[in-house]
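Peer 1: Order-wise, the sequence lines are chains A and B.
Just so you know, we're using my numbering here: the first sequence kicks off at 486 and counts up by one.
Just so you know, we're using my numbering here: the second sequence kicks off at 486 and counts up by one.
It should be emphasised that the hints constitute simulated quantities derived from the structure, not laboratory data.
Heads up, a few of these hints could be off.
The list cannot tell twin chains apart, which means a pair is met if one copy fits it or any two copies do.
[Unchecked claim] Here are the simulated DSSO-like pairs of lysine-lysine, each with C-alpha atoms no more than 27 Å apart in a straight line:
1) Lys574 x Lys558
2) Lys558 x Lys596
3) Lys636 x Lys558
4) Lys636 x Lys596
Treat the numbers as computed from the prediction; the structure is a model and nothing was measured.
Protein chains: 2
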Amino acid sequence: MHIAFDADDTLWHNEPLFNLTQSKVAELLSDWASEEDLGPLVNDIERRNLALFGYGAKGFTLSLIETALEVSKGQVSASVIGTILDAGKAMIEHPIDLLPGVEETLEHMSKEHPLMLITKGDLFDQESKIARSGLAEYFSTIEIVSEKNSKTYRELLTRHDIAAERFVMIGNSVRSDILPVVSIGGNAIHIPYDNTWELDQVEHRGAESEGFFEIAGISEVPDVLQRIAALGW
Amino acid sequence: MHIAFDADDTLWHNEPLFNLTQSKVAELLSDWASEEDLGPLVNDIERRNLALFGYGAKGFTLSLIETALEVSKGQVSASVIGTILDAGKAMIEHPIDLLPGVEETLEHMSKEHPLMLITKGDLFDQESKIARSGLAEYFSTIEIVSEKNSKTYRELLTRHDIAAERFVMIGNSVRSDILPVVSIGGNAIHIPYDNTWELDQVEHRGAESEGFFEIAGISEVPDVLQRIAALGW
Numbered sequence: 486m487h488i489a490f491d492a493d494d495t496l497w498h499n500e501p502l503f504n505l506t507q508s509k510v511a512e513l514l515s516d517w518a519s520e521e522d523l524g525p526l527v528n529d530i531e532r533r534n535l536a537l538f539g540y541g542a543k544g545f546t547l548s549l550i551e552t553a554l555e556v557s558k559g560q561v562s563a564s565v566i567g568t569i570l571d572a573g574k575a576m577i578e579h580p581i582d583l584l585p586g587v588e589e590t591l592e593h594m595s596k597e598h599p600l601m602l603i604t605k606g607d608l609f610d611q612e613s614k615i616a617r618s619g620l621a622e623y624f625s626t627i628e629i630v631s632e633k634n635s636k637t638y639r640e641l642l643t644r645h646d647i648a649a650e651r652f653v654m655i656g657n658s659v660r661s662d663i664l665p666v667v668s669i670g671g672n673a674i675h676i677p678y679d680n681t682w683e684l685d686q687v688e689h690r691g692a693e694s695e696g697f698f699e700i701a702g703i704s705e706v707p708d709v710l711q712r713i714a715a716l717g718w
Numbered sequence: 486m487h488i489a490f491d492a493d494d495t496l497w498h499n500e501p502l503f504n505l506t507q508s509k510v511a512e513l514l515s516d517w518a519s520e521e522d523l524g525p526l527v528n529d530i531e532r533r534n535l536a537l538f539g540y541g542a543k544g545f546t547l548s549l550i551e552t553a554l555e556v557s558k559g560q561v562s563a564s565v566i567g568t569i570l571d572a573g574k575a576m577i578e579h580p581i582d583l584l585p586g587v588e589e590t591l592e593h594m595s596k597e598h599p600l601m602l603i604t605k606g607d608l609f610d611q612e613s614k615i616a617r618s619g620l621a622e623y624f625s626t627i628e629i630v631s632e633k634n635s636k637t638y639r640e641l642l643t644r645h646d647i648a649a650e651r652f653v654m655i656g657n658s659v660r661s662d663i664l665p666v667v668s669i670g671g672n673a674i675h676i677p678y679d680n681t682w683e684l685d686q687v688e689h690r691g692a693e694s695e696g697f698f699e700i701a702g703i704s705e706v707p708d709v710l711q712r713i714a715a716l717g718w
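Please work from the sequences and hints to get the whole structure.
Peer 2: Right under this line is the structure:
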């Protein structure tokens, strides 16, 4: 069995850093918009810039600066722009905060299987986070890609000579880690990141269908892999 | 023989776009510094930010905004910041301008050898440039890395099971394409990008030593490969 993990919000906290940065910026721009109104505007600008910037903290920082210019109709001060730039940098160099059970689970699993890390985003930023996480030693293969769709996974599996039915992807994102893998005949274990959502959906835990599994935390991965093995591989 | 090409300033013009963008910004900031004084300041800020941003147009744009804030002591207007942001975007989506002879040479060579592309920088930006260049079809392998040093090349050769002495790297950068490859026992063909420098150094053309070769343009690559082959491989 070939086992791959996503990184952001699967191995370490990531989304809260983006949210925190956006909240800081909302406060700076409170003369022009409430935090509630600013959110959709940031999203629109990010979406508009995605084809130019791709994913990651640098593009996000540029989009926040653009938001400040737009919402203030060009009235924002240089000092606010400087504070946004600093908030972007602080996000990039923020210490890596591992999710519970990650280190123990990876240490344990890496003794039994070669593990892959498949992460999406800014190459430099992802490499820096992997290095700072202290987890690199547990992975025999690290792949950083700009988008995670079925084409990406098909190419990765071909390159590493892995049959889809022998591949298991583990991650928090239904769009990036689960659906494209299941769609090419692979297996996916979903670990929802958001705690509230996780509790709300607790009745779906362990739901198994068509190569799809859902668990509450990374510590449950070895058990699910045993269940997958028992299903006949 | 395994043949790899660099991309920026080897297959297409890149540096002039950065220079042009920097000149535009210098003009915007001319109230606070001359273009001559601004250059070193931009370089300092880029160097200072390299550990956070890595290489590429997004980090460059952020560094230009930081330069504007710094050189104006926070007096720069939001409208100038907006113009810098737009200049950064224009650089990112600028059409790809191939160097002379590139398409013909790659088309010809790709019929005889599988070709690799090894390029450094922003993952998303590099993928976009490769796609827009129309050259992707000539390469059997494309590797985008965050830094090109001897460790990077050693890992790439191990991953692709290539002996260093059977590897030829072709590129414009002595630091990134030539020295690290020669240092691990590989071969490198230097195509200096800057035309003036190229003409100045014309007496060194074809200098051969320790796996190092220098030529004036990509069209000469097939001849050099024949010379390399004649040296005994």
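Peer 1: With reference to the structure, classify each hint as holding or not holding.
Peer 2: Comparing the hints with the structure gives:
1. Lys574 x Lys558: both (25 Å within a copy, 19 Å between copies)
2. Lys558 x Lys596: This pair counts as neither: shortest intra-copy Cα distance 57 Å, inter-copy 55 Å.
3. Lys636 x Lys558: Neither way: lysine 636 and lysine 558 sit 41 Å apart in one copy and 48 Å across, limit 27 Å.
4. Lys636 x Lys596: between (30 Å within a copy, 26 Å between copies)
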